[in-house]
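**Q** Each chain is listed here by its residues.
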Amino acid sequence: MSDPPGTTKSVSQTNDELLSSLRPPTLAWYLLAFFLGAVVACGLAAFTWQMMNGMYVTGKNRPVMWGFYITGFVFWVGLSHSGTMVSSILRLSRANWRRPILRAAEAMTVFCITVAGLFPLIHLGRNWTFFYMIPYPNQRGLWPNFRSPLLWDMTAITSYIIGSSLFLYLGMLPDLAIARDRSTGWRHKMYTFLAMGWRGSAREWSVYHKASTLMAALIIPVAVSVHSIVAWDFAVTVVPGWHSTIFPPYFVIGAILSGVAAVITLMIIIRKIFHLEEYLTPLHFDNMGKLLLVISLLWTYAYFVEVQITWYAHEPIEWEVFSYLSSRYTPQLLIMLVGNSLLPIIFLCFRKMRRSIGVMLLLSLWVNVAMFIERFLIIVPTLSHKNMPFAWGSYSPSLVEILVNLAALAGFALLFTLFAKFFPIMAISDVRELEVREAKVPMGRTRLPSIAGKE
Amino acid sequence: MEILGIFRNCESAAKAVDDLVRAGFTENQVDSLTSVPYPDGVLVRTEVSSRFRWIALAGGLSGAVAGFALAAGTAWLYPVQTGDKPIITLYPTAIICFEVAMLFAIIGTMVGMFLDMGLPALGKRLYDPAIAEGCIGISLTIRVGGEVVHCPTETESGECIGAIAALSAAEQKKRAEEIMQAAGVLRVIEEELS
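Sequences listed follow chains A and B, in order. If you read the first sequence in numbering that gives the first Met the number 0, its first letter stands for residue 0, the second for the next number, and so on. If you read the second sequence in numbering that gives the first Met the number 0, its first letter stands for residue 0, the second for the next number, and so on.
For the record, the hints were derived by calculation from the structure and aren't laboratory data. Some clues are possibly wrong.
[Said to hold, decoys possible] The calculated lysine-lysine pairs, modelled on BS3-like cross-linking and capped at a C-alpha distance of 30 Å, are:
id, chain 1, residue 1, chain 2, residue 2
1, A, 8, A, 420
2, A, 289, A, 351
3, A, 351, A, 209
4, A, 209, B, 14
5, B, 14, A, 8
6, B, 123, A, 188
7, B, 123, A, 209
8, A, 289, A, 209
9, B, 123, B, 172
10, A, 188, A, 209
11, B, 173, B, 14
12, B, 14, B, 172
Owing to the predicted nature of the structure, the values given are computational and were not obtained by experimental measurement.
When you get a sec, could you build the whole thing from the sequences and use the hints?
**A** In structure tokens, the structure reads:
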């Protein structure tokens with residue numbers, strides 16, 4: 000078979016390794032899927048309980064009517080942000096190190112936004128009337144009110160789910176053809192259907208590359224708009240602490256921070272489980288670490304600007320909200336600042352730390368815990384003290400809300416686990432393309448790696 | 000009619016393409032099938048005129064219109080006057096227009112891409128699973144009936160067009176097989192002559 004000169008591994012071996020996730024499931028895989036399924040079932044039971052008994056089973060009460068569900072919504076939308084963004088930006092900038100990361104990042108986006116989209120529906124209260132948001136006229140000829148930010152969310156999330164799913168599928172097309180050629184039985188039929196007769200002709204590749212580039216360029220503004228719209232859910236209200244022009248960029252930066260951290264976590268898990276150490280090398284963690292460092296610095300700057308202006312203006316209502324936040328939620332605030340700002344900036348300045356898998360795992364997990372807390376701190380303290388003192392209140396999540404949030408996490412993990420079992424988790428053709436382009440060619444008395452192709 | 004030669008590596012496949020072109024087949028009759036993309040000219044030259052960008056643009060424009068109809072049009076269908084606020088508001092309409100426009104542009108890109116690629120392929124086409132394992136497929140489309148084809152720019156038309164296009168399909172196929180064999184083809188897969 001055609002092995003790039005200078006490589007020691009055959010194409011078949013490379014394919015075997017990159018498709019190792021498609022091997023028949025082991026007992027451990029079944030146990031993991033069962034465990035995750037059980038957590039999802041618990042969440043569904045809690046949600047059913049909430050539907051049967053009403054919203055009083057949650058911790059929400061006046062004045063805090065947005066709690067853990069909206070925290071979860073903002074958090075998962077944020078996570079979804081980065082997968083496609085990272086993939087698109089690296090595609091457009093033709094960064095070669097992107098190749099082993101693409102698939103996990105793109106799949107993460109699809110599953111995160113799917114999970115995120117469930118939260119507004121869970122939060123509705125009378126969930127069975129969710130179809131009121133679907134744009135068709137009711138019996139009185141009334142259409143949904145598009146002036147409501149809820150409809151903006153609905154439109155943006157629908158666009159993003161469809162767009163990021165198509166982006167994921169587009170990236171997988173050549174790999175589905177490889178999986179088709181190496182599979183039998185029902186899997187072969189499934190891959191044959193999904194590969195749509197892809198043969199890898201020169202014309203197909205040429206169109207594919209141009210379309211991928213256009214798609215990457217189109218999906219970036221959608222990703223930015225989705226999280227900006229989520230930020231507008233807050234910023235267009237006249238609520239102290241929310242009514243701020245910096246909210247959309249601040250949300251987008253926070254989203255990218257949590258998303259990049261989640262991609263790193265997933266890379267480490269995939270690398271370990273599927274033994275892909277050769278493909279996900281310390282170089283990839285080094286580069287992702289640099290990206291995380293830059294985003295963390297940006298987030299720190301945005302947070303500083305937000306707080307500094309509140310502090311300097313000392314506008315009484317805004318200052319009351321911030322004082323309440325920093326006194327009532329001091330430990331959470333510290334975890335957030337340490338996780339989103341202090342630790343990433345300190346650790347990621349050092350190459351050795353960025354290349355340490357253990358450090359990167361702990362750091363990426365902490366960033367996301369801190370980011371969940373950040374979403375909570377944006378929502379709950381503000382609502383608690385937004386009105387006159389006689390209407391102040393507080394909020395603690397109920398078991399139902401905690402279970403639903405845990406189920407969302409388990410649901411995401413389950414979707415990703417199933418995806419990894421049925422679809423190539425590494426972008427095979429992208430990885431192999433780089434190998435071909437870096438193949439060593441004779442030059443004088445030696446052989447040097449060549450990079451062929453347009454840059 | 001199409002024949003497909005399977006080659007072990009890029010070099011032998013490129014030699015076959017060169018020899019086929021030298022024998023009088025044109026560049027646009029020869030195509031390569033690979034599991035990774037090769038830069039243009041390594042195996043074959045493609046001059047692909049793609050329409051998908053126009054389809055994406057059309058999708059985006061129709062999406063913007065659909066978004067406007069959804070946000071502004073539906074507000075007009077049942078106008079609810081609230082204070083002195085306008086029935087059609089700029090900000091929400093712009094948001095919905097943008098989102099729907101982008102969605103339609105993305106769908107347009109996908110549809111256009113598949114149209115340009117000629118996918119999904121409904122009929123059976125020549126293929127070999129060894130291509131997924133790194134082999135290179137060189138596909139030759141044989142044109143029958145003395146169809147006039149263009150020569151590559153570096154060759155004179157008299158040297159190539161008449162010689163091949165005037166031959167019958169069976170003779171062209173035999174000639175192509177010989178050339179592929181000489182270049183080191185592993186196997187040749189053919190479509191049945193109708």
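**Q** Of the hints given before, which are not true for this structure?
**A** 3
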